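Enquirer: Residue strings, one per chain:
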Amino acid sequence: DQQVKQNSPSLSVQEGRISILNCDYTNSMFDYFLWYKKYPAEGPTFLISISSIKDKNEDGRFTVFLNKSAKHLSLHIVPSQPGDSAVYFCAASANEGAQKLVFGQGTRLTINP
Amino acid sequence: DAGITQSPRHKVTETGTPVTLRCHQTENHRYMYWYRQDPGHGLRLIHYSYGVKDTDKGEVSDGYSVSRSKTEDFLLTLESATSSQTSVYFCAISANNEQFFGPGTRLTVL
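In the order they appear, the protein sequences are chains A and B. Mapping of the first sequence onto our numbering: residues 17 to 129, in sequence order. Mapping of the second sequence onto our numbering: residues 692 to 801, in sequence order.
Derived from the structure by calculation, the hints contain no laboratory data. Owing to the predicted nature of the structure, the values given are computational and were not obtained by experimental measurement.
EDC-like cross-link-like pairs, simulated, lysine to aspartate or glutamate; straight-line CA separation at most 20 Å:
#1 116/A to 750/B
#2 116/A to 764/B
#3 748/B to 17/A
#4 744/B to 763/B
#5 84/A to 47/A
#6 116/A to 729/B
#7 21/A to 729/B
#8 116/A to 747/B
#9 116/A to 745/B
#10 116/A to 753/B
Some but not every residue of chain B turned toward chain A, in silico, with C-beta under 8 Å:
#11 722
#12 785
#13 789
#14 792
Glycine included, each C-beta is placed from N, C-alpha and C at the ideal position.
Chain A extracted, bound-state conformation (with noise of 0.2 Å):
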């Protein structure tokens, strides 16, 4: 039973456009949403988090919006560049911060110049 569900495995964008990359689950314990950026051969890195108190967050070109009622999530990469190129996973955890997450299968980014 997958709690959290990318259901795009890829998606092509041309570079300076708008990357859409969605994310939805099941749990409604969970509070609190992260998204992380994996190059090959790396370990993830973190890239921007949300918690259930609010709908956005923003940090630069990347905002992630939050849809309590509709269980879903979307990080939002403005305007793309080559190095956005990545895997990126959506994550969730259930009062506990960011321990014991449970992750999404992630969508591969490849941004086209």
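Model the placement of chain B on the given structure of chain A, informed by the hints.
Expert: This is chain B only, laid out in the frame that chain A set:
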């Protein structure tokens, strides 16, 4: 990078042999985690530790055991490796409401 190292970085072993992976941290964090990453599954939690000698199971703990005899080291052991345990293994610590990951160990079980 939270001072996390993993060893070995790559290992090839045969079915039925024992394997131990090591995670080492330099910053005294209480919580440590072992994940495996497989295509189509993302990262799945194997075991975690919330202090010295305090460990608990994660989502995919069958076939794995862990030990934490000191704060800085968290060991993952495959008692008898199987081909289904071929994967990339990541160690992580949690701090400041996020998790920081090590560089990973690629394990191949033939």
